[in-house]
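Trainee: Here is what each chain is made of, one letter per residue.
There are 4 protein chains.
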Amino acid sequence: MLKGYSVPRSPEGRASIVPAPPWHYAGDFLVLEYWANPEAVAAVLPSALKPYHKDPGRCAALFVDWQSCTDEGEELLDPIRAQYREFFIVVNALYGDELVTYCPYIWVDRDFALARGWIQGFPKKLGSIHITRTYDVPSRAASQVVPGARFAGTAAANDHRLAHGVVTLEKPSPDGPTHNAPPLMNVRHFPRLAAGQHDHPAVHELVRARSFNREIANIWEGTAELQLYPVPNEEHAALAPVRMGKGFRLTFGYSVDDLETVEYLRSEE
Amino acid sequence: MLKGYSVPRSPEGRASIVPAPPWHYAGDFLVLEYWANPEAVAAVLPSALKPYHKDPGRCAALFVDWQSCTDEGEELLDPIRAQYREFFIVVNALYGDELVTYCPYIWVDRDFALARGWIQGFPKKLGSIHITRTYDVPSRAASQVVPGARFAGTAAANDHRLAHGVVTLEKPSPDGPTHNAPPLMNVRHFPRLAAGQHDHPAVHELVRARSFNREIANIWEGTAELQLYPVPNEEHAALAPVRMGKGFRLTFGYSVDDLETVEYLRSEE
Amino acid sequence: MLKGYSVPRSPEGRASIVPAPPWHYAGDFLVLEYWANPEAVAAVLPSALKPYHKDPGRCAALFVDWQSCTDEGEELLDPIRAQYREFFIVVNALYGDELVTYCPYIWVDRDFALARGWIQGFPKKLGSIHITRTYDVPSRAASQVVPGARFAGTAAANDHRLAHGVVTLEKPSPDGPTHNAPPLMNVRHFPRLAAGQHDHPAVHELVRARSFNREIANIWEGTAELQLYPVPNEEHAALAPVRMGKGFRLTFGYSVDDLETVEYLRSEE
Amino acid sequence: MLKGYSVPRSPEGRASIVPAPPWHYAGDFLVLEYWANPEAVAAVLPSALKPYHKDPGRCAALFVDWQSCTDEGEELLDPIRAQYREFFIVVNALYGDELVTYCPYIWVDRDFALARGWIQGFPKKLGSIHITRTYDVPSRAASQVVPGARFAGTAAANDHRLAHGVVTLEKPSPDGPTHNAPPLMNVRHFPRLAAGQHDHPAVHELVRARSFNREIANIWEGTAELQLYPVPNEEHAALAPVRMGKGFRLTFGYSVDDLETVEYLRSEE
Chain A
223 MLKGYSVPRS PEGRASIVPA PPWHYAGDFL VLEYWANPEA VAAVLPSALK
273 PYHKDPGRCA ALFVDWQSCT DEGEELLDPI RAQYREFFIV VNALYGDELV
323 TYCPYIWVDR DFALARGWIQ GFPKKLGSIH ITRTYDVPSR AASQVVPGAR
373 FAGTAAANDH RLAHGVVTLE KPSPDGPTHN APPLMNVRHF PRLAAGQHDH
423 PAVHELVRAR SFNREIANIW EGTAELQLYP VPNEEHAALA PVRMGKGFRL
473 TFGYSVDDLE TVEYLRSEE
Chain B
223 MLKGYSVPRS PEGRASIVPA PPWHYAGDFL VLEYWANPEA VAAVLPSALK
273 PYHKDPGRCA ALFVDWQSCT DEGEELLDPI RAQYREFFIV VNALYGDELV
323 TYCPYIWVDR DFALARGWIQ GFPKKLGSIH ITRTYDVPSR AASQVVPGAR
373 FAGTAAANDH RLAHGVVTLE KPSPDGPTHN APPLMNVRHF PRLAAGQHDH
423 PAVHELVRAR SFNREIANIW EGTAELQLYP VPNEEHAALA PVRMGKGFRL
473 TFGYSVDDLE TVEYLRSEE
Chain C
223 MLKGYSVPRS PEGRASIVPA PPWHYAGDFL VLEYWANPEA VAAVLPSALK
273 PYHKDPGRCA ALFVDWQSCT DEGEELLDPI RAQYREFFIV VNALYGDELV
323 TYCPYIWVDR DFALARGWIQ GFPKKLGSIH ITRTYDVPSR AASQVVPGAR
373 FAGTAAANDH RLAHGVVTLE KPSPDGPTHN APPLMNVRHF PRLAAGQHDH
423 PAVHELVRAR SFNREIANIW EGTAELQLYP VPNEEHAALA PVRMGKGFRL
473 TFGYSVDDLE TVEYLRSEE
Chain D
223 MLKGYSVPRS PEGRASIVPA PPWHYAGDFL VLEYWANPEA VAAVLPSALK
273 PYHKDPGRCA ALFVDWQSCT DEGEELLDPI RAQYREFFIV VNALYGDELV
323 TYCPYIWVDR DFALARGWIQ GFPKKLGSIH ITRTYDVPSR AASQVVPGAR
373 FAGTAAANDH RLAHGVVTLE KPSPDGPTHN APPLMNVRHF PRLAAGQHDH
423 PAVHELVRAR SFNREIANIW EGTAELQLYP VPNEEHAALA PVRMGKGFRL
473 TFGYSVDDLE TVEYLRSEE
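Chains A, B, C and D, in that order, are what the protein sequence lines are.
If you read the first sequence in this note's numbering, its first letter stands for residue 223, the second for the next number, and so on.
If you read the second sequence in this note's numbering, its first letter stands for residue 223, the second for the next number, and so on.
If you read the third sequence in this note's numbering, its first letter stands for residue 223, the second for the next number, and so on.
If you read the fourth sequence in this note's numbering, its first letter stands for residue 223, the second for the next number, and so on.
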């Protein structure tokens with residue numbers, strides 16, 4: 223009998239691209255809060271979500287340097303299977319009366335992270351992401367976490383730059399970021415290939431993320447700069463900033479072993 | 223309204239990791255026919271398929287240097303979105319009384335090919351694949367298609383070598399390969415993350431590939447050598463050869479816009 | 223005693239990044255002939271070369287899909303060590319009264335090709351290069367070599383697109399390209415790090431390429447389109463086209479085991 | 223006039239693969255002290271160095287997660303040009319009566335680091351290196367620096383795994399590592415291609431590293447495990463451990479703008 227949480231399912235269940243949950247994550251984040259054209263934000267929402275009229279166009283861009291593992295943690299001893307970097311954009315929206323966060327575009331640099339994202343409803347593609355790191359030693363190269371320090375993130379896909387963001391730190395942050403704080407809702411989606419069914423996906427459902435062991439540390443805030451570059455086969459640049467908010471740097475950890483399906487969507491949504 | 227055949231669905235439908243079918247493919251193939259331990263072959267079959275008792279253990283390993291596009295062919299003018307390389311193993315099996323081909327393990331080097339494979343039921347992971355090419359000029363480096371020429375394929379994933387194959391050409395092949403000739407059946411699979419549902423995938427169905435515009439050319443045959451290396455998190459080496467058959471080099475083209483779901487499988491299969 | 227043509231030199235001499243010559247090459251070429259701003263061309267010449275006043279600004283951009291090996295050809299059986307792709311720009315210049323070709327900028331996608339280029343005086347950096355391929359089978363994806371077929375090349379470095387070129391084939395070419403035909407002269411250069419010597423390289427010499435076994439085949443010609451994109455840390459876009467010439471597709475093979483040092487340059491050149 | 227410290231030299235001097243020194247570095251290190259077969263260590267020494275007879279076979283393997291920049295630090299805002307990972311082996315030797323460190327083999331994952339290494343006499347090739355990171359948040363995925371924590375490094379080149387090392391932390395280290403502590407001596411080497419000169423490199427000199435602003439922090443020590451895997455075209459596995467010493471994790475920063483040439487070597491050395 224074949225075993226394994228994801229393909230390829232195999233006799234011993236060791237070959238799966240994504241092993242079974244729970245999945246544990248730790249990451250260093252750059253969060254750049256901003257506002258895009260409200261019409262552009264409305265245009266990326268699935269029809270089950272509505273624009274957040276009280277603060278239209280509210281977005282955040284996030285660059286994350288991740289490490290992740292399953293319960294046994296064996297990935298940490300073969301870190302090519304544990305580490306990945308990610309760039310994504312979130313927008314705020316309403317689900318009924320509830321303020322939520324929705325992720326229209328996201329890129330990661332490893333296959334297991336792409337597949338694990340799809341399972342959670344993140345619309346991941348592969349990209350190349352780089353993020354300034356801090357080292358705990360005095361050096362011009364160390365990017366220490368001090369007032370005035372600048373941390374940058376870049377993202378690319380298919381050999382095109384997609385984004386460049388810079389956060390300039392000012393001080394420890396009393397409150398942390400807010401644009402990505404509302405509960406996250408995604409759309410899980412898996413197409414059909416049968417003739418006549420290309421517009422009727424096999425999986426098409428609005429989901430609400432669930433997580434546990436959420437921990438946040440070392441939150442600093444300051445100013446933010448962000449460029450989103452138009453490139454063929456991407457539409458993220460329609461969400462380019464019209465106004466910037468604060469920038470943040472922080473460390474975050476959490477775990478995932480569950481997901482709530484909120485609505486089965488009609489195929490035209 | 224969001225558009226697009228696959229994630230991310232977007233206002234203009236240009237961002238999808240996989241654009242809508244039809245998909246057209248052309249590839250240079252190395253096909254290495256062999257036999258593995260029959261028990262190992264039986265162990266990779268989904269329960270809807272049975273071992274091919276008349277010739278137990280029959281397998282083939284394939285290295286393919288692909289180029290693909292949609293109808294407009296725009297990917298051919300941005301070839302990072304058209305080209306990919308692939309390594310996969312197929313085994314023979316019975317579906318009822320019908321001899322079929324089944325692919326337990328496959329690696330590709332680009333995200334669009336991974337996602338397009340999942341939609342067709344290929345259990346793709348990312349890898350690094352390299353295949354000797356031929357050039358139409360006399361040179362020691364040109365690997366021209368002549369008797370005695372040797373063509374190699376290598377595959378790796380997560381920085382481990384998975385496979386090394388060599389085909390030594392003898393002559394144009396009157397019949398072409400047979401181990402991968404029976405109709406291809408895959409299992410489309412997409413997991414659930416909801417607690418308690420990890421063993422009940424959202425999509426789990428036996429499918430039969432459909433294609434058109436199939437063209438084959440320049441088939442040569444000769445001898446084959448193949449090594450499959452055991453590595454952590456892979457189980458393909460259980461299908462290592464116990465006996466080699468012929469090796470082939472050929473060029474193949476085909477198109478896909480359909481798929482037949484043959485059975486909805488129970489989750490334990 | 224340590225052995226090996228290049229670093230790392232080792233007890234058995236097997237570890238060198240570049241094995242000893244001769245080196246054999248076969249490649250599929252896209253050649254895009256054009257003219258840049260003559261001042262921009264003059265500005266990239268070492269002082270030992272002078273602008274080609276009879277046809278100022280004459281350049282070519284080349285995308286090449288290479289396979290290479292040493293005498294034993296073992297690299298062809300481990301093709302990750304044989305294959306690479308390359309994008310480069312050449313300009314025409316005068317050495318005394320002799321019309322020559324000079325390469326100011328070049329990118330390759332493998333380390334052995336970078337190092338082998340430095341040894342020959344090519345100023346190589348790493349990049350990501352993709353080039354449309356042809357397959358010998360009727361398919362929309364096959365890019366067959368026929369009138370009207372379009373072949374593209376792209377180059378990127380540090381996650382920025384550098385160049386996009388397209389050649390549209392018209393007919394077999396009676397004469398082949400001319401902008402890259404004059405003898406190639408490079409500058410071999412290797413810096414010093416000793417304090418006070420940063421401007422006095424250890425190697426700084428004008429060289430003339432030597433090769434043998436030159437073979438060319440399947441030359442087609444047509445029209446050419448080329449974009450060179452300005453990016454940080456690159457200056458190639460100063461050589462962007464002001465006028466396009468013909469485009470070519472061809473296959474070329476040659477071998478190298480020699481180089482002529484023409485002048486030892488002063489460090490300020 | 224062309225400008226730039228390294229190729230490609232260009233009108234504005236912005237295109238060089240390696241900008242002019244000083245170069246500033248910060249890195250998180252895993253240092254695995256061990257002893258190899260003394261004959262194997264003697265065999266990798268250039269003839270100007272002699273085996274360290276008082277403690278024969280003494281080696282260390284190092285995995286480093288680097289960030290580097292020039293004085294202006296602009297690379298830190300485009301971190302693809304600042305960050306790289308490195309794996310290298312050092313052996314102890316005598317230069318006259320002086321105990322020194324010599325690096326026979328080293329791999330990095332970025333072109334600027336490869337070229338900058340060559341200039342300093344490090345025999346760099348490209349590889350793929352991964353190193354467990356620590357995150358300052360409680361999580362199973364965070365690999366916090368505590369007694370019992372395990373940090374791993376892996377290295378690969380040409381799709382083959384070269385090395386796997388694990389350090390298990392026990393306690394803050396009072397003294398830090400010693401196998402890599404003696405002054406570093408390298409051999410700068412740049413070949414000739416002129417016929418008859420392949421064995422007479424243009425640059426072949428014993429050099430002594432110079433650095434400033436050396437800072438070390440957060441030194442922990444514990445036990446170490448190391449595997450070096452034999453692969454084609456590499457000879458590092460001859461230096462596999464016969465006995466392990468301590469393992470260390472630490473953060474290190476330093477700057478480089480100078481190098482001392484100690485001896486011009488004869489070509490046969």
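Wrong hints could be hidden among the right ones.
Since copy identity is lost for identical chains, a pair holds within one copy or between any two.
What the hints assert, rightly or not - Below, in silico cross-link-like pairs of lysine to aspartate or glutamate (EDC-like), each with a Cα-Cα straight-line distance of 20 Å or less:
id : residue 1 : residue 2
1  : Lys393    : Asp358
2  : Lys225    : Asp331
3  : Lys276    : Glu234
4  : Lys225    : Asp421
5  : Lys393    : Glu294
6  : Lys272    : Glu234
7  : Lys225    : Glu296
8  : Lys225    : Glu485
9  : Lys393    : Asp479
10 : Lys272    : Glu261
11 : Lys276    : Asp319
12 : Lys393    : Asp277
13 : Lys393    : Glu447
14 : Lys225    : Glu427
15 : Lys276    : Asp480
Derived by calculation from the structure, the hints in this document are not laboratory data.
Trainee: State for each hint whether it applies.
Mentor: Hint by hint, here is what the structure shows:
1. Proximity of Lys393 to Asp358 under the C-alpha cut-off of 20 Å is found in both arrangements, the shortest distances being 18 Å within a copy and 18 Å between copies.
2. For the homomeric pair Lys225 and Asp331, neither the shortest alpha-carbon distance inside one copy (26 Å) nor that between copies (25 Å) is at most 20 Å.
3. When the C-alpha separation of Lys276 and Glu234 is checked against a cutoff of 20 Å, the pair qualifies neither within a copy, at 52 Å, nor between copies, at 26 Å.
4. For the identical chains of this complex, Lys225 and Asp421 are inter-copy neighbours only, at 9 Å across copies versus 31 Å inside a copy, given an alpha-carbon limit of 20 Å.
5. Taking the shortest Cα distances, Lys393 and Glu294 never come within 20 Å of each other, neither inside one copy (37 Å) nor across copies (23 Å).
6. In this assembly of identical chains, the alpha carbons of Lys272 and Glu234 lie at most 20 Å apart only when taken from different copies (19 Å versus 45 Å within one copy).
7. In the homo-oligomer, the alpha carbons of Lys225 and Glu296 lie at most 20 Å apart inside one protomer (19 Å), although the nearest pairing across protomers, at 40 Å, exceeds that limit.
8. Within a single copy, Lys225 and Glu485 get their C-alpha atoms only as close as 29 Å, which misses the 20 Å cut-off; across copies the closest is 19 Å, which meets it.
9. Neither within a single protomer nor between protomers do Lys393 and Asp479 lie at most 20 Å apart by alpha-carbon distance, with minima of 35 Å and 34 Å respectively.
10. Taking the closest pair of Cα atoms, Lys272 and Glu261 come within 20 Å of each other only inside a single copy of the chain (11 Å); across copies the shortest separation is 55 Å, beyond that limit.
11. In this assembly of identical chains, the alpha carbons of Lys276 and Asp319 lie at most 20 Å apart only when taken from the same copy (12 Å versus 64 Å across copies).
12. For the homomeric pair Lys393 and Asp277, neither the shortest alpha-carbon distance inside one copy (26 Å) nor that between copies (51 Å) is at most 20 Å.
13. Only within a single protomer do Lys393 and Glu447 lie at most 20 Å apart by alpha-carbon distance; the minimum there is 17 Å, versus 41 Å between protomers.
14. Within a single copy, Lys225 and Glu427 get their C-alpha atoms only as close as 26 Å, which misses the 20 Å cut-off; across copies the closest is 15 Å, which meets it.
15. Proximity of Lys276 to Asp480 under the C-alpha cut-off of 20 Å is found in neither arrangement, the shortest distances being 31 Å within a copy and 45 Å between copies.
Checked against the numbered hints given earlier, this structure breaks hints 2, 3, 5, 9, 12, 15; the rest are met.
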